[in-house]
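Chemist: The residues making up each chain are set out below.
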Amino acid sequence: ISVDKLPVKRLDAIEETGAERFPPDVGYDEKRESLIRRIDFAWAVWQWQNMVENLQFAHQELSVIIDLINTVEANDAVTVAGMTRPKALPNEVLSDLSVSAATKLQCYRHLGIYFKQSAKSLEQQIAKEARFYGALIRLQQNWKVKRQRGNEGFTIDLFDNSLYDSARPSSLSTIRIDHDSAGMLAINLPPNSCRSFRFGFLGEAKESVNDDECVREKHSLLREVHQAIFYEQVFDIVNREAFKQSLGVNVTGIRENYLQLGIGLGISIFLSLIPSNQPNPLTYEIYLQQVFHEYLYGRAKNKGSGLLGHFCLSLAHRIFSNKVRVELENAVCGVPYLHLVSHPTWHSRTSSWTVFLKVPQSILHAEKSHFRTNVVVNDDCIHVEGEGTPNVVGLFEGRSEDMSSMNKYDCDLADLPVIILQQVASQVIRWLHEEALMVGIKANRDFLSLSFELDQGETVSLVAHVDPEDMRGCISWWLVMEDGAERKLSIDKKFLGHLSLDVLYSTLMDLVSLCG
Amino acid sequence: MDSQSQTTSLQRLQNVEKRVVRVLELAGGVMDELANPMGPRKEIINNHCREFMQLIKDIQVTLRDEIKSACEYRPFEKCDYSTRILNEICCKKLEYVLSQLDAMKQTIDECNDTC
Numbered sequence: 001i002s003v004d005k006l007p008v009k010r011l012d013a014i015e016e017t018g019a020e021r022f023p024p025d026v027g028y029d030e031k032r033e034s035l036i037r038r039i040d041f042a043w044a045v046w047q048w049q050n051m052v053e054n055l056q057f058a059h060q061e062l063s064v065i066i067d068l069i070n071t072v073e074a075n076d077a078v079t080v081a082g083m084t085r086p087k088a089l090p091n092e093v094l095s096d097l098s099v100s101a102a103t104k105l106q107c108y109r110h111l112g113i114y115f116k117q118s119a120k121s122l123e124q125q126i127a128k129e130a131r132f133y134g135a136l137i138r139l140q141q142n143w144k145v146k147r148q149r150g151n152e153g154f155t156i157d158l159f160d161n162s163l164y165d166s167a168r169p170s171s172l173s174t175i176r177i178d179h180d181s182a183g184m185l186a187i188n189l190p191p192n193s194c195r196s197f198r199f200g201f202l203g204e205a206k207e208s209v210n211d212d213e214c215v216r217e218k219h220s221l222l223r224e225v226h227q228a229i230f231y232e233q234v235f236d237i238v239n240r241e242a243f244k245q246s247l248g249v250n251v252t253g254i255r256e257n258y259l260q261l262g263i264g265l266g267i268s269i270f271l272s273l274i275p276s277n278q279p280n281p282l283t284y285e286i287y288l289q290q291v292f293h294e295y296l297y298g299r300a301k302n303k304g305s306g307l308l309g310h311f312c313l314s315l316a317h318r319i320f321s322n323k324v325r326v327e328l329e330n331a332v333c334g335v336p337y338l339h340l341v342s343h344p345t346w347h348s349r350t351s352s353w354t355v356f357l358k359v360p361q362s363i364l365h366a367e368k369s370h371f372r373t374n375v376v377v378n379d380d381c382i383h384v385e386g387e388g389t390p391n392v393v394g395l396f397e398g399r400s401e402d403m404s405s406m407n408k409y410d411c412d413l414a415d416l417p418v419i420i421l422q423q424v425a426s427q428v429i430r431w432l433h434e435e436a437l438m439v440g441i442k443a444n445r446d447f448l449s450l451s452f453e454l455d456q457g458e459t460v461s462l463v464a465h466v467d468p469e470d471m472r473g474c475i476s477w478w479l480v481m482e483d484g485a486e487r488k489l490s491i492d493k494k495f496l497g498h499l500s501l502d503v504l505y506s507t508l509m510d511l512v513s514l515c516g
Numbered sequence: 001m002d003s004q005s006q007t008t009s010l011q012r013l014q015n016v017e018k019r020v021v022r023v024l025e026l027a028g029g030v031m032d033e034l035a036n037p038m039g040p041r042k043e044i045i046n047n048h049c050r051e052f053m054q055l056i057k058d059i060q061v062t063l064r065d066e067i068k069s070a071c072e073y074r075p076f077e078k079c080d081y082s083t084r085i086l087n088e089i090c091c092k093k094l095e096y097v098l099s100q101l102d103a104m105k106q107t108i109d110e111c112n113d114t115c
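So the protein lines, in turn, are chains A and B.
Last residue of the first sequence: 516 (our numbering), numbering continuous.
Last residue of the second sequence: 115 (our numbering), numbering continuous.
Take every hint as true, because none was put in to throw you off.
Within a straight-line C-alpha distance of at most 27 Å, the following computed DSSO-like cross-link-like pairs (lysine-lysine) qualify:
| no. | chain 1 | residue 1 | chain 2 | residue 2 |
| --- | --- | --- | --- | --- |
| 1 | B | 93 | A | 323 |
| 2 | B | 78 | A | 146 |
| 3 | B | 92 | A | 144 |
| 4 | A | 128 | A | 116 |
| 5 | B | 68 | A | 144 |
| 6 | B | 68 | B | 78 |
| 7 | B | 18 | A | 120 |
| 8 | A | 87 | A | 104 |
| 9 | B | 18 | A | 116 |
Bear in mind the hints are in silico, worked out from the structure with no lab data behind them.
The model shown is predicted, which means the values in this text are computed figures rather than measured ones.
Given these sequences and hints, build the entire structure.
Modeler: Here it is in structure tokens:
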């Protein structure tokens with residue numbers, strides 16, 4: 001590098017005339033270029049030059065050889081006998097070795113990187129699949145998971161092989177298992193596939209939901225679909241049954257997924273496949289499912305044809321027996337010494353109750369402390385049995401002996417309260433009669449009255465009166481005085497009120513002392 | 001290796017997958033070591049290869065056991081779909097009974113309040 005002289009313009013030349021000639025002005029780039037040119041690259045150029053020349057020589061030699069070979073091959077008379085490779089010089093051998101060594105090291109490096117990258121991506125894939133298969137195996141514990149040949153997907157089969165023959169497989173029975181965007185297990189149902197669903201369909205998985213909740217959600221979904229298939233089958237069978245001649249059933253209306261039936265007694269029911277928010281009445285819905293479950297799974301094959309009729313009759317019975325129960329409750333509420341007990345019959349078309357009359361313990365003995373009146377309802381027939389009431393026929397025939405038989409008869413719903421109250425009142429009369437006998441007084445007993453004879457031929461009677469509508473009490477008592485000779489002319493009645501049994505007893509004792 | 005009684009089949013197979021990943025990592029490590037310009041260090045290569053062989057052996061044993069026990073599994077032998085529906089019906093019954101009991105309790109509470 002040469003150091004610049006002072007930046008003074010130097011004369012290029014002077015002419016004879018004395019005119020000065022200066023060198024032309026040099027621009028910035030040109031100045032730089034000239035400076036760079038002045039740097040001595042000779043040593044590098046020489047080395048580079050060396051390699052370039054070597055390559056050129058090698059190229060020339062190769063060209064000669066190739067020309068020679070081509071000429072020889074073109075000439076049939078002459079062939080190449082052999083070629084020997086010149087012995088490599090030591091430095092050439094070393095260069096070859098170092099080149100191949102370097103290449104090998106590079107290959108190893110690439111392989112190393114390849115293995116490590118594969119390991120990483122395999123790890124990620126394993127983690128994703130672990131979530132999927134973990135969820136799948138949990139579902140598999142409860143549902144039939146099947147693998148599809150070919151596309152390696154999974155499905156869940158909800159069809160039950162043990163179904164009775166008449167059940168048809170639903171289009172819902174095969175459910176496809178998908179992956180969501182995160183690779184987790186997802187179940188997507190086509191829209192409008194399950195008519196009994198209310199919730200929306202699964203889309204992308206929510207990031208905040210953990211895997212446990214996700215699996216539970218899938219379980220829930222599968223349970224719903226499983227039930228939906230069952231509802232479809234029940235509805236299907238009900239439809240088919242309804243159009244056969246079923247006892248107690250006739251079809252009064254049909255719409256899509258809706259069936260309306262009349263079950264007698266002016267009662268109409270409907271069965272629809274789209275559930276309302278309030279299943280009402282729920283118990284009947286449950287019972288219907290139970291009854292048809294037995295039918296579907298083959299255990300009730302023989303009853304199959306009359307099943308819907310049986311269900312509707314059971315339904316009618318339940319409605320009727322509720323009315324009976326209300327009447328009984330009202331009657332029992334109206335009399336303080338009555339007690340109502342209902343009995344389980346374990347039969348869907350029979351109901352049973354007992355009305356207990358509790359009497360105070362006798363001072364002398366306690367032979368009987370309560371009387372029973374049984375009420376049994378079969379379908380819509382009410383049957384009443386009263387214990388300890390006099391046989392009505394025996395009374396008509398004038399028999400005075402006390403036959404403590406059960407009085408049995410059927411009645412209507414409208415007559416039931418009066419019948420029950422009369423039975424009870426009659427039982428009270430019987431109890432009073434026995435108490436009177438206990439103290440040695442003879443009395444005459446009628447269905448609802450107890451009479452005593454007084455000295456002058458007069459009769460005094462305790463008479464029971466029943467009125468189911470009476471708010472103050474359903475059984476009330478009258479005291480009736482009759483003149484023996486002319487009954488019709490002198491009858492004196494006194495209203496005693498709604499007496500408790502204790503008061504009745506003391507009233508009786510008062511009457512007894514009158515007689516005695 | 002994990003004992004069979006403590007892990008499920010799925011967990012054992014997932015461990016096999018983890019071992020495969022580890023085996024790949026070891027192979028990569030060996031390659032890196034061979035690519036060392038100073039030359040490979042013998043102990044490191046030996047350790048890697050020993051671990052590699054051990055893992056391959058573990059993988060083989062586990063897979064053999066799992067394949068054997070998988071063949072013994074007969075799917076869908078006892079399908080419980082029928083009893084499942086019955087259970088759903090029983091659940092509904094229970095829910096109904098509970099709602100009735102709740103209503104009874106409410107009635108009792110109201111009676112107690114008014115007393």
